[in-house]
Every structure is written in C-alpha cells, then in structure tokens.
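Sequence lines, in order, name chains L and G.
With the first letter of the first sequence counted as 1, position 202 gets the number 202 in the working numbering; the numbers rise by one all the way through.
With the first letter of the second sequence counted as 1, position 18 gets the number 18 in the working numbering; the numbers rise by one all the way through.
The hints are simulated quantities; they were obtained by calculation from the structure and are not laboratory data.
Every residue, glycine too, gets a C-beta built ideally from N, C-alpha and C.
Be a bit skeptical, because a hint or two may be false.
Ranges of calculated distance between the beta carbons of each label pair, as one might list FRET restraints [said to hold, decoys possible]:
no., chain 1, residue 1, chain 2, residue 2, range
1, G, Leu-95, L, Tyr-44, 54 to 64 angstroms
2, L, Leu-79, G, Lys-89, 21 to 31 angstroms
3, G, Lys-51, L, Leu-123, 27 to 37 angstroms
Taking lysine-lysine and the BS3-like style, the derived pairs with C-alpha atoms no more than 30 angstroms apart in a straight line are [claimed, not checked]:
no., chain 1, residue 1, chain 2, residue 2
4, G, Lys-10, G, Lys-69
5, G, Lys-86, G, Lys-36
6, G, Lys-55, L, Lys-22
7, G, Lys-51, G, Lys-89
8, G, Lys-55, L, Lys-96
9, G, Lys-36, L, Lys-22
10, G, Lys-10, L, Lys-14
11, L, Lys-22, G, Lys-6
12, G, Lys-73, G, Lys-86
13, G, Lys-63, L, Lys-5
Chain by chain, the residues:
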Amino acid sequence: MEKEKYIQDLRQIKEIMDRSSKFISLSGLSGVAAGIIALAGAWYAYQNIYTESDFYGYQVVTISSESIASIIGLGALILILAIGAGVFFTAQKAKKANQKVWNSQAKRLLINLSIPLVTGGLLSLIFLSRGFIGIIAPLTLIFYGLALVNASKYTHEEIRSLGIIEIALGLLSAYFIGFGLLFWAIGFGLLHIVYGIIMHYRYGS
Amino acid sequence: MKDILKDLDKAFENKLRLGIMSALLVNDFLDFNALKEILDATDGNLASHLKTLEKEGYITFTKEFVDRKPNTKYMVTESGIEAFIKHLKAIENLLK
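Please model the entire structure based on the sequences and the hints provided.
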C-alpha cells in the first residue's frame with residue numbers, strides 16, 4: 001500500500017527528469033524523410049556530376065569550378081529540404097503530444113548539435129573552395145557524427161550510436177576516398193532511414 | 001522502520017513539489033514557464049509550491065528582465081540536493 005505510492009513517486013521522478021532534460025519530440029519520420037532526400041541527392045550527384053569522370057578512381061577526377069558550384073548548390077538544397085522535413089514531422093509530433101516544439105530542451109539540443117556541425121560545414125566549404133572535393137564526404141560524415149554524439153545527451157539515446165556509426169563511416173570513407181559518394185549515401189541516406197524506422201516504432205510519431 | 005520514515009522529507013510528499021525538485025535537479029536552472037510546461041501545472045499552484053520549497057531552503061531563484069518582462073529562473077540549492085538524495089535513499093530503504 002504505502003510502498004506502491006513510493007514506487008509511483010520514483011517513476012514520476014524518472015519521467016520528469018527525462019522529460020525536462022531531453023528533447024523527446026524528435027520524430028522518427030523526419031529521419032526517414034531526411035534519408036530519402038539524401039539518397040535522391042546522392043543519386044542525382046552520381047548521375048550528373050560524376051558522369052564524365054571516373055567515380056571510383058579519385059586521382060583522375062578533375063573537378064571544374066562549375067561542378068564545385070553545383071555540388072555546393074545541391075548540398076545546400078539537400079540540407080534545406082532535410083531540415084524542413086525534420087522540423088515539419090517533429091512539430092507534428094510535438095503538437096500531437098501537446099508540447100511546445102521550441103522549448104528549452106530543443107534549444108539545448110540545437111546548440112549542442114550546431115557547434116560541431118557548423119564547424120564541419122565551414123571547414124568543408126573551405127576545402128571545397130580549394131578544390132579538395134574528395135575530403136568532403138569523410139569530413140561531413142565525421143563532423144555530423146560528432147555533432148550527434150554531442151547532442152545525444154539531450155534527446156533519445158539511440159542518437160549516440162547513430163553518431164558513432166557516422167564517425168566510423170567517415171573514417172572509412174577517408175581511407176577509401178574514391179567511394180566518398182557511396183559512403184555519404186549510406187551515412188546520410190540509408191542510416192537515417194533505418195534509425196528513423198527504429199525510432200518511429202519505439203517512440204511513435 | 002521508524003528511522004526510515006523519519007528520513008522521508010515532508011516537503012517531497014506533494015507530487016508537484018517532487019516534480020519541481022526532479023526537474024530542477026537535472027537542469028542548471030529552469031524559468032517559471034518552463035517548469036509550468038514540464039509539470040503541467042497552473043500558475044497559482046506552481047507558485048505556491050515553489051514558495052514552500054524556497055522557504056525550506058531547497059531552491060533559490062534569480063530575477064532578470066528579458067525584453068522588459070520579468071523572468072524568474074529557479075535552481076536547486078546544495079541543501080536541496082542533499083535533502084532530495086536523503087529522501088530517495090529513504091524510499092530505497094523502505095522498498096527493500
């Protein structure tokens with residue numbers, strides 16, 4: 001009788017600690033959407049930017065400034081679409097749960113995600129402007145992975161393992177540098193879809 | 001048995017006060033509106049329980065102005081942390 005009340009109390013303490021320190025409205029569907037967008041983008045890049053060069057032989061790839069511009073444009077487009085889809089599904093989930101999307105937990109998540117992510121993004125742009133295109137896939141994967149690991153404390157714990165896998169993929173892709181686009185498609189496309197589905201079934205949407 | 005019950009803190013018997021402490025313990029600070037949202041409480045109810053905890057010396061607050069609106073940030077004190085841990089230990093012993 002008495003014990004039951006305290007078990008309830010403990011449950012409530014844990015629940016409030018989780019809810020107040022973590023952003024839990026993150027939707028699995030936004031991962032799936034981001035993954036599909038990334039795969040479409042990778043496929044487009046493979047068809048249109050890599051066609052005239054040997055995709056697997058990095059050394060012989062010559063990149064014109066025109067294709068660098070189109071890669072930046074394509075990357076920006078993928079980023080905007082993926083973030084847009086992420087915000088959309090997450091906002092929907094928060095609305096259903098009757099919670100605010102833009103709360104202090106969301107702010108903390110975004111700040112901790114952004115620090116490594118923006119660093120990686122700027123570094124990639126600097127390398128890209130110098131023509132080091134092969135380094136872009138590993139760099140974006142590694143910094144994205146670091147950003148996820150850093151932000152995982154403030155949301156669902158699965159994000160941490162996703163981050164670690166992204167870092168590993170990034171390192172592999174730095175070694176097999178000619179396969180950059182393939183690794184990129186796995187990391188940003190396939191993994192997002194897989195994790196999105198897992199999170200969708202674990203936490204609903 | 002009596003000793004265990006003695007360690008249970010009366011201040012945490014109330015659900016909302018327990019909730020306030022749980023939330024403040026894992027956050028450096030939370031403002032009034034954030035607490036309200038997390039605990040799904042009404043203004044009056046939350047304010048009165050915050051006051052109780054403050055009188056116990058378990059929480060403290062700072063007042064700032066954000067866009068000319070007062071913004072009160074609440075945080076847990078050292079003795080609040082101690083009391084909460086003691087309370088949790090008492091529950092743990094009780095459930096053994």
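(request) Taking the numbered hints from earlier one at a time, note which ones the structure violates and give those numbers from smallest to largest. (result) Failing hints, ascending: 2, 3, 4, 8, 11, 13.
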